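Asker: We have chain A; now place chains C and R onto it with these hints.
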Amino acid sequence: MAPILPISGVPSPESIRPAGQSKGGGAFQDAFTSAIQNVEAFSQDATASAQRFLSGEGEELHTTIMATQKAELAFDMFLQMRNKVVSAYQEVMRMQM
Amino acid sequence: MSLFSVLSIGASGMQAQRVRAEMLTENLANAETTRTPEGGPYRRKDVVFETTAAASPFASIFDAQMNAPGGVAVSEIVTDMGDPEKRYLPGHPDADKDGYVAFPKVDPAADMVDLMGTARSYQANVAAMSAVKDMIQRSFDLFR
Amino acid sequence: MLNPLAGQIERYMDLLSARQKLVASNIANVDTPGYRTQDIDFQSEFLNAAGRGTPHTIGVPDLAVKNDGNDVSLDRESRLLAENALRFNLASNLMRSQLRLVKSAIQEGKS
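Protein chains in written order, with the working numbering: chain A, 1 to 97; chain C, 1001 to 1144; chain R, 2001 to 2111.
Source of the hints: derived by calculation from the structure; they are not laboratory data.
Careful: at least some of the hints might be erroneous.
[Stated by the list, open to error] Straight line, CA to CA, 27 Å or less: simulated DSSO-like cross-link-like pairs of lysine-lysine:
1. C:Lys-1105 / R:Lys-2066
2. C:Lys-1045 / C:Lys-1133
3. C:Lys-1086 / C:Lys-1097
4. C:Lys-1045 / R:Lys-2066
5. C:Lys-1105 / C:Lys-1133
6. C:Lys-1105 / C:Lys-1086
7. R:Lys-2103 / A:Lys-84
Since the model is a prediction, treat every value here as computed from it, not as a measurement.
This is chain A alone, in the form it adopts within the complex (with noise of 0.2 Å):
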């Protein structure tokens, strides 16, 4: 019979660490980024070149009209990468513990 050995304490919680990001999310958090930095970016391309028109400094009505829907593109797709965290987050919630 293997002596009694005594009981080596009971890990404290500061030693217990969250699981911490997974490294796969990486790709994703990087798209969902610079899809946030395109909205931005596009966005005020497009406000910059429909002020130009307006003001009649030569903006060609084709080039704006072209800046104003690569907003509209940036902004949906910034639109459902927004869809696609909110829905995997609501998967992961409704997941049975």
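Answerer: Relative to chain A, chains C and R alone:
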């Protein structure tokens, strides 16, 4: 320089050609007029064109400073002040003491040719405006 | 987001617009004494990828000069007018399909 300013270029072209057509028509109508309110025979009129900066209500000062190619305007209407043509017609009411009547120096054939040229130029301006309007419309279609 | 082709199509449309403006000016000034036909060197402006500003206006060689110093040929300008309009039409259609491609790619992600 937006495509919109091109519409005013085309319009100025049409306007200028119309003035020219009016002058030519007046010349032709008065080719035989020996008596005018100002005295003497009808005197032939001609137009002189000059290039103008493209003007548009939406154009900015920036546009005009860029010396952009522009439209056209009638800079002046020139009246022919040369000696009239004299023909020997003693029985004519406007004959002078020697029996000569002063007639306008209008060459109807030349002015007819010019008039046809004016019509063609006018049409070309109309076509230009139409083409540009179409391009603007197609730009709008990018929205769909 | 949009591929480089879209940027090129936009540059193409810019140049076509600039050229059409000059054509309209030429037509309007067909009877202006001393006026010289204006154009842009389309090919080199397009291939010059760096350029984003207003293209450089050039004169056109080998045009018959009339007695009043004007060298505008209505035949040439009318031909260019039609050609530019057709090319612009084509470009805007190409651009539209580029936009639609990206739009549907984004929509496809929605599931």
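Asker: Are the hints correct? Go through all of them and say.
Answerer: Hints, one by one, checked against the model:
Taking the CA atoms of C:Lys-1105 and R:Lys-2066, the gap is about 23 Å. The hint holds against a cut of 27 Å. Between C:Lys-1045 and C:Lys-1133 the alpha-carbon distance is near 35 Å, which puts this suggested pair outside the 27 Å criterion. Proposed proximity of C:Lys-1086 and C:Lys-1097 is supported: the alpha carbons are some 13 Å apart, at most 27 Å. Between C:Lys-1045 and R:Lys-2066 the CA atoms are separated by roughly 21 Å; this keeps the pair inside 27 Å, and the hint holds.
For the given pair, C:Lys-1105 sits about 43 Å from C:Lys-1133 by alpha-carbon distance, which is inconsistent with the 27 Å threshold. For the suggested pair C:Lys-1105 and C:Lys-1086, the alpha carbons sit about 9 Å apart, so the restraint of at most 27 Å is met. This hinted pair checks out: R:Lys-2103 and A:Lys-84 have alpha carbons roughly 17 Å apart, not beyond 27 Å.
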